[in-house]
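Based on the hints, put chain V in the right spot on chain Y.
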Amino acid sequence: MSRETLRGAVSCAGIGLAGIGAAPGYSHLDLLGLAVHAALEDAGLSLRDVDGLFTANMANILPTLTTAEYLGIRPVVAVGTNTGGNYFVDHLQWAAQALHARLCDVALICYGSNQRTGKSAPPDPPPYETPYQPRDPISSYALAAARHMHVYGTTRRQLACVAVAARQWAQRNPLAFARDPLSVEDVLASRMICDPISLLDCCLVTDGAGAVVLVRAERASHQRQTPVYLLGCASAQTHRQISQMPDLTVTAAAQSGPRAFAQAGLTPADIDVVQLYDAFTINVLLFLEDLGFCKKGEAGALVEGGAIAPGGALPVNTNGGGLSCVHPGMYGIFTIIEAVEQLRGTAGERQVLGAQTALVHGNGGMLSAQSTAVFGTAAVL
Amino acid sequence: MPEAPGVVFQRYLKGGELWLQQCDGCARQIFYPRTLCPYCGGNRLQWRRASGAGTVYSTTVVRQRPERGGDYNVAIIELAEGARLLSRVEGIAAESVRIDMKVQVVIRAGTDAQLVVFEPTQSVGV
Chain Y
1 MSRETLRGAV SCAGIGLAGI GAAPGYSHLD LLGLAVHAAL EDAGLSLRDV
51 DGLFTANMAN ILPTLTTAEY LGIRPVVAVG TNTGGNYFVD HLQWAAQALH
101 ARLCDVALIC YGSNQRTGKS APPDPPPYET PYQPRDPISS YALAAARHMH
151 VYGTTRRQLA CVAVAARQWA QRNPLAFARD PLSVEDVLAS RMICDPISLL
201 DCCLVTDGAG AVVLVRAERA SHQRQTPVYL LGCASAQTHR QISQMPDLTV
251 TAAAQSGPRA FAQAGLTPAD IDVVQLYDAF TINVLLFLED LGFCKKGEAG
301 ALVEGGAIAP GGALPVNTNG GGLSCVHPGM YGIFTIIEAV EQLRGTAGER
351 QVLGAQTALV HGNGGMLSAQ STAVFGTAAV L
Chain V
1 MPEAPGVVFQ RYLKGGELWL QQCDGCARQI FYPRTLCPYC GGNRLQWRRA
51 SGAGTVYSTT VVRQRPERGG DYNVAIIELA EGARLLSRVE GIAAESVRID
101 MKVQVVIRAG TDAQLVVFEP TQSVGV
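Chains as they are written, first to last, in the working numbering: chain Y, 1 to 381; chain V, 1 to 126.
One chain only, chain Y, in its complex shape (with noise of 0.2 Å):
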């Protein structure tokens, strides 16, 4: 996104969520059916008025076929890039470019897993790697993490931090899958599944649907729901396995962050509440730092002080998180949702008071693919 041609030219319509948990029996198509149901209903329009399809999954190699013909719709734009969990968010500057350059009018993107209930198989497995049995996801971000001590002294109570800030707010929100009480010490008491990583520094594994309905910002004084507009989004990829990551402590936020900043005219202190990526609680302190929240090798220090958890300066997955919340294979699209109902004002018990401006990042692979995106309401255009 070019800054001059792109912010604010594109708003969020409408979203929807479906089986966030367990939804037996249900295929991921049946959720992701549902979920963009609710958002094209949310938003006041049908499936006939969607031409422009942006999905991808873990199951279907020709995603954008399989979906569009579940949902019988014929799009004249289509999009199924698949960097992991963060394509979602990555997939917002692809739809803002072809709504502003009128290649379609009604963009969705989409997703849904049975993550939880269903049976997936693994992608393909890198072939340098692979002999010595990594339990990925977990072993890589378990290296990075390692890797983080070492360097900033990061400690396994600051990582546990973050697992608690994320159940706090899961706590407010009635979708959450997981409510039940969390104590730094219940995590660190956790079982260890790859040092320092163990089983409660670890997301959900849930089943579960979000989608998003994307219109270009002439049409936002008809929209039914309050318009929240796309300030600025980019992405930047560094490697596919975790032995390739040039630096095990710095991501690719920190390329896209800036970019997405840039683009929004906006920095991290304007910011209201952020969406992170939080596959693991490695990941909050890597992108907290890469995004510019605070200094390298500072997160730690920063969550350990509680300003992620209800009740912070820096209000931090407000939803629960993939930590708390949902998870179901890639979490990306939740990001986006979650900043929405903020923008929206309805996000119930959980709404960050006056948020004007949210942040959204999405993380793919190990730690590999990252993509920024910044959202406003109507007061910040």
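Wrong hints could be hidden among the right ones.
[As the list claims (entries may be wrong)] The list that follows gives simulated cross-link-like pairs (lysine to any residue, SDA-like), each with its CA atoms no further than 25 Å apart:
hint: 1; chain 1: V; residue 1: K14; chain 2: Y; residue 2: P126
hint: 2; chain 1: V; residue 1: K102; chain 2: Y; residue 2: D247
hint: 3; chain 1: V; residue 1: K14; chain 2: Y; residue 2: K295
hint: 4; chain 1: V; residue 1: K14; chain 2: Y; residue 2: Y128
hint: 5; chain 1: V; residue 1: K102; chain 2: Y; residue 2: V151
hint: 6; chain 1: V; residue 1: K102; chain 2: Y; residue 2: M149
hint: 7; chain 1: V; residue 1: K14; chain 2: V; residue 2: E78
hint: 8; chain 1: V; residue 1: K102; chain 2: Y; residue 2: V250
hint: 9; chain 1: V; residue 1: K14; chain 2: Y; residue 2: Q133
hint: 10; chain 1: V; residue 1: K102; chain 2: Y; residue 2: P246
hint: 11; chain 1: Y; residue 1: K119; chain 2: V; residue 2: K14
hint: 12; chain 1: Y; residue 1: K119; chain 2: Y; residue 2: D105
hint: 13; chain 1: Y; residue 1: K296; chain 2: V; residue 2: R98
hint: 14; chain 1: V; residue 1: K14; chain 2: Y; residue 2: P127
hint: 15; chain 1: V; residue 1: K102; chain 2: Y; residue 2: T130
hint: 16; chain 1: V; residue 1: K102; chain 2: Y; residue 2: Y152
[To be verified] Beyond 10 Å from chain Y on every Cβ pair, some chain V residues (computed):
hint: 17; residue: V7
hint: 18; residue: P66
hint: 19; residue: I107
hint: 20; residue: E119
Hints are computed from structural coordinates only; laboratory data are not their basis. In this text the structure is predicted, and so the values were computed from the model without any measurement. Even for Gly, the Cβ is constructed at its ideal location relative to N, Cα and C.
Just chain V now, with coordinates in the frame of chain Y:
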């Protein structure tokens, strides 16, 4: 066509030696074997025997019940010449492997192909 990079790599391993490509253009050591240099895009790559000396860049212990084989180490090793690869450190307890530990290559027979693993070059605690 010349012999494929992956085939050359395995042939050297079968001989008990670790050889990797080095780029004529930028002099970087390359892992995994390829047909072009990922650092400068050059395609003049020379096979050179690696010293086999390395340093643990990061390490984890994959926890596994004893009846399924028990815990094991997974580590990223940075070779003295610069390339990094996923591997494991053998010869000491999985949880005793430390970042910055000096290690030396050992070639092991794997199920389908030869495996590049490492052992500490110093005794634990030194």
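Is the nearest CB of chain Y more than 10 Å from the CB of V:P66?
holds (14 Å)
Given the hint that V:K14 pairs with Y:Y128, test it: the Cα-Cα distance must not exceed 25 Å.
holds (16 Å)
Starting from Y:K119, check that the Cα of V:K14 is at most 25 Å away, please.
violated (38 Å)
Restraint status (C-alpha distance of V:K14 to Y:P126 at most 25 Å):
Holds. V:K14 to Y:P126 sits at ~21 Å (cutoff 25 Å).
Below or equal to 25 Å on CA atoms is what counts here, so check Y:K296 against V:R98.
Distance of about 22 Å is within 25 Å: holds.
Non-interface label on V:I107, tested against every C-beta of chain Y at 10 Å:
holds (13 Å)
25 Å Cα cutoff - pair V:K102, Y:Y152:
holds (21 Å)
Is the Cα-Cα distance between V:K102 and Y:T130 25 Å or less?
With a Cα-Cα distance of about 23 Å, the restraint between V:K102 and Y:T130 holds, given a limit of 25 Å.
Tell me if the straight-line CA distance from V:K102 to Y:M149 falls inside 25 Å.
Holds - the C-alpha atoms of Y:M149 and V:K102 are around 19 Å apart, at most 25 Å.
V:K14 and Y:P127: Cα distance at most 25 Å?
Cα-Cα ~17 Å, so holds.
Could you grab the alpha-carbon distance between V:K102 and Y:V151 and see if it respects the 25 Å cut-off?
Between V:K102 and Y:V151 the Cα gap is close to 17 Å, so the pair holds against 25 Å.
Can the restraint linking V:K14 and Y:Q133 be considered satisfied, given a maximum Cα separation of 25 Å?
Status holds; Cα separation ~21 Å.
Comparing the model with each earlier hint shows violations of hints 3, 11, 12; every other hint is respected.
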